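A.B. asks: The lines below spell out each chain.
Number of protein chains: 2
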Amino acid sequence: MDKSISENGETAADGSIRGYDSLHQLLSANLKPELYQEVSRLLLGSNCGRSLEQIVLPDSAKALSSKHDFDLQAVSFSADKEQMRKPRVVRVGLIQNSIALPTTAPFSDQKRGIFEKLKPMIDAAGAAGVNILCLQEAWTMPFAFCTREKKWCEFAEPVNGESTKFLQELAKKYNMVIVSPILERDMDHGEVIWNTAVIIGNNGNIIGKHRKNHIPRVGDFNESTYYMEGDTGHPVFETVFGKIAVNICYGRHHPLNWLAFGLNGAEIVFNPSATVGELSEPMWPVEARNAAIANSYFVGSINRVGTEVFPNAFTSGDGKPQHNDFGHFYGSSYFSAPDASCTPSLSRCRDGLMISDMDLNLCRQYKDKWGFRMTARYEVYADLLGEYIKPDFKPQVVSDPMLHKNSS
Amino acid sequence: MDKSISENGETAADGSIRGYDSLHQLLSANLKPELYQEVSRLLLGSNCGRSLEQIVLPDSAKALSSKHDFDLQAVSFSADKEQMRKPRVVRVGLIQNSIALPTTAPFSDQKRGIFEKLKPMIDAAGAAGVNILCLQEAWTMPFAFCTREKKWCEFAEPVNGESTKFLQELAKKYNMVIVSPILERDMDHGEVIWNTAVIIGNNGNIIGKHRKNHIPRVGDFNESTYYMEGDTGHPVFETVFGKIAVNICYGRHHPLNWLAFGLNGAEIVFNPSATVGELSEPMWPVEARNAAIANSYFVGSINRVGTEVFPNAFTSGDGKPQHNDFGHFYGSSYFSAPDASCTPSLSRCRDGLMISDMDLNLCRQYKDKWGFRMTARYEVYADLLGEYIKPDFKPQVVSDPMLHKNSS
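The listed protein sequences derive, respectively, from chains W and Y. Oh and the first sequence: position 80 is 80 in my numbering, straight run, nothing missing. Oh and the second sequence: position 130 is 130 in my numbering, straight run, nothing missing.
Only chain W is shown next, with the shape it has when bound in the complex (with noise of 0.2 Å):
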């Protein structure tokens, strides 16, 4: 793709703007510089006045970057220098790509496909220094439960499976924890079907697994056909690097399986997703670094990217004729910080390894800050779901006295 056309926004036929690589890029591209600034104030945040600094990073990374035509950004968050702490500045990396091979080759190939065309990606985030790196929901397949057909389920692997294997392998070769979330096989429950995050450690280690909590029922998102509401709560990893969590997908719509994170002490939540562009995407600019403010931690958002078309043509509702693919996956991975700042995202339309350092400091700083928590007044929720949760609830509601009246 031609850069100046993807940065400035080519003008479609129809007169829409096609072709730009995100919406940062556009606004830099077309604004003059101290006008962007203060846009990117508003819009980015900007880390409470300091500016985002571009980390320098290795040819190495960059020479893959190149060669495998992967979008490669690497910004770091700052944070108040402490008398009684040291720093605690993470390296933290986020993989978004679309798939490798069309639907229509043999699954083993389409896997196999994907994996060689992430292992660059992964050896550049190692070459980066990277500690911490997350994949995007079901890496290792297409997004294929929009079609409603069970064969896609033979992507399904246990947590000890051939990805997690690969991942291992990179995992502990760059000293570097992986998250890396699947389409989970459970061998030792009847051969269920869950969407699984496995949580692979610095030394090639399997930490843990989390399952992803909400399944929506949405446009073509038609996951409920395949697996169940996770049952893992939500578990914080205590790595060597920080504690981390996981959000999958859909669950960054419920503000409450965001705090739950918060509540059990996440430093970093990730929210590895697969979502398309007339859904949801002026969602996602909003809905996690809501996340990362209302709870002082970071947050990590990947998108897949491309459009993956189906052999059989399916329907789901919505008045939308029957149709071969899932819409544009509109990739567009993001930090987001607790100060409310977050980084650029990366490019709408192609593979891309998003890199931030980010002193982990910040988050407790943030809560001492603007005392969310201690504010929270959670005893009343506590009662008030407890309340909600029964048939026979009542909501609060104060009528118009007036508005009944007529009929008395």
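Careful, some of the hints might be misleading.
Identical copies go unnamed one by one, so any copy, or any two together, can satisfy a pair.
Calculated pairs, SDA-like style, for lysine to any residue (alpha carbon to alpha carbon, straight line, at most 25 Å) [said to hold, decoys possible]:
(1) Lys173 with His323
(2) Lys390 with Asn324
(3) Lys390 with Asp231
(4) Lys390 with Tyr378
(5) Lys394 with Val380
(6) Lys150 with Lys367
(7) Lys405 with Glu238
(8) Lys86 with Gly161
(9) Lys367 with Arg217
(10) Lys367 with Val397
(11) Lys405 with Ile55
(12) Lys390 with Gly233
(13) Lys173 with Met402
(14) Lys32 with Glu238
(15) Lys62 with Met374
(16) Lys367 with Pro391
(17) Lys173 with Glu238
(18) Lys173 with Val398
(19) Lys86 with Met283
(20) Lys81 with Ser316
(21) Lys405 with Pro87
(22) Lys394 with Arg211
FYI, nobody ran anything at the bench for these hints, they're computed from the structure. It should be emphasised that the depicted structure is a prediction, and the values quoted were computed from it without experimental measurement.
Given chain W, work out where chain Y should sit, using these hints.
C.D. replies: Relative to the frame of chain W, chain Y by itself:
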């Protein structure tokens, strides 16, 4: 203010951009139309592909806006037609304003000055046929809580006090529900002080009140010196125009607070606020929109305007030298909708009236579409919060066993 400067953004001596009216004006004045349209799609959500439409207002409303120099904007959200329900379109207004007189003027003059300033703005809302109108937090007074001086408590009024009587007349005249956030003095409970919204019905009757649930302790927000956390729960007020609730100011940082109004059935939640640039401006476009999305209701966000200077200097920590003002209240009032769209914002500097038409049917349409309430698993969170509030709560943490190997 020169309009061309305010819309295009003026470069100040220090290179920063000043004097512009709002983010959206800055963008629309500096991007070519098709680029602005795409940026709007991403930033404003554009009502799921449907453009927000300008509302044609009567000349009398426009004349009041010119004569009294306040920003006046009016756009409408759209919703699908249903077969079993008629549209329930209501016209809703938000008023933001600066104070009228210096804070050194006699208190009664200050208060009367604000009444006189608001009168033509409420008249404009009336002329425009607004059904429900919300004023800003503690609208009868300067936001003096930064000072910690108790003399400002003189501005407190009982729920049926002077400001309520003033608005009751107007509510009746214009057949308008008015939400009036004031500093309340509770005459029946030892004359204590609350931060309270009074709900005045369209017949001029008092429907009820709600007291601010969450009180900030951050920066110059020394409100905890003046009043305590509210004791009115999360009431939803059933008016002839729809079910409304009020999340006062700092409560917008608490997703549980937004949730509770939703569980009680709110269709519009107002967030009357007083907040300043440096501290919260990057959060402002995020939190209300997230609440509208997550809870499938409309949100009306209001922030006061201008810089208020107090006679005695004060400090609030944060390393700032003693100062006489709270910083710049940046206005920017706007509406958010359950479909992730939002209106542009009112001015960052001028008084303003924002009007929107909204079909309240959109709330249930989005409940049905996305199913957030149905997939929310409230019982899981009722349990978690019930545990969390116990002193011996232990977070759900899975530690990497390799972590503690050296110490064992």
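A.B. asks: Against this structure, judge whether each hint is valid.
C.D. replies: Taking the hints in turn, this is what the structure says about them:
1. Lys173 with His323: Neither way: Lys173 and His323 sit 43 Å apart in one copy and 55 Å across, limit 25 Å.
2. Lys390 with Asn324: neither (42 Å within a copy, 51 Å between copies)
3. Lys390 with Asp231: both (22 Å within a copy, 23 Å between copies)
4. Lys390 with Tyr378: both (19 Å within a copy, 10 Å between copies)
5. Lys394 with Val380: both (16 Å within a copy, 20 Å between copies)
6. Lys150 with Lys367: This pair counts as neither: shortest intra-copy Cα distance 46 Å, inter-copy 28 Å.
7. Lys405 with Glu238: between (60 Å within a copy, 14 Å between copies)
8. Lys86 with Gly161: Neither. Shortest intra-copy (38 Å) and inter-copy (54 Å) distances fail the 25 Å Cα cut-off.
9. Lys367 with Arg217: between (35 Å within a copy, 11 Å between copies)
10. Lys367 with Val397: Between. Shortest inter-copy distance 20 Å satisfies the 25 Å Cα cut-off; intra-copy 33 Å does not.
11. Lys405 with Ile55: neither (67 Å within a copy, 33 Å between copies)
12. Lys390 with Gly233: both (21 Å within a copy, 18 Å between copies)
13. Lys173 with Met402: between (72 Å within a copy, 16 Å between copies)
14. Lys32 with Glu238: neither (44 Å within a copy, 49 Å between copies)
15. Lys62 with Met374: neither (44 Å within a copy, 46 Å between copies)
16. Lys367 with Pro391: Cα proximity of Lys367 and Pro391: across copies only (19 Å, versus 36 Å in one copy).
17. Lys173 with Glu238: within (20 Å within a copy, 62 Å between copies)
18. Lys173 with Val398: between (62 Å within a copy, 23 Å between copies)
19. Lys86 with Met283: neither (36 Å within a copy, 28 Å between copies)
20. Lys81 with Ser316: between (52 Å within a copy, 20 Å between copies)
21. Lys405 with Pro87: between (65 Å within a copy, 24 Å between copies)
22. Lys394 with Arg211: Classified as between; 21 Å across copies, 33 Å inside a copy.
The structure fails hints 1, 2, 6, 8, 11, 14, 15, 19 (numbered hints given earlier, in ascending order).
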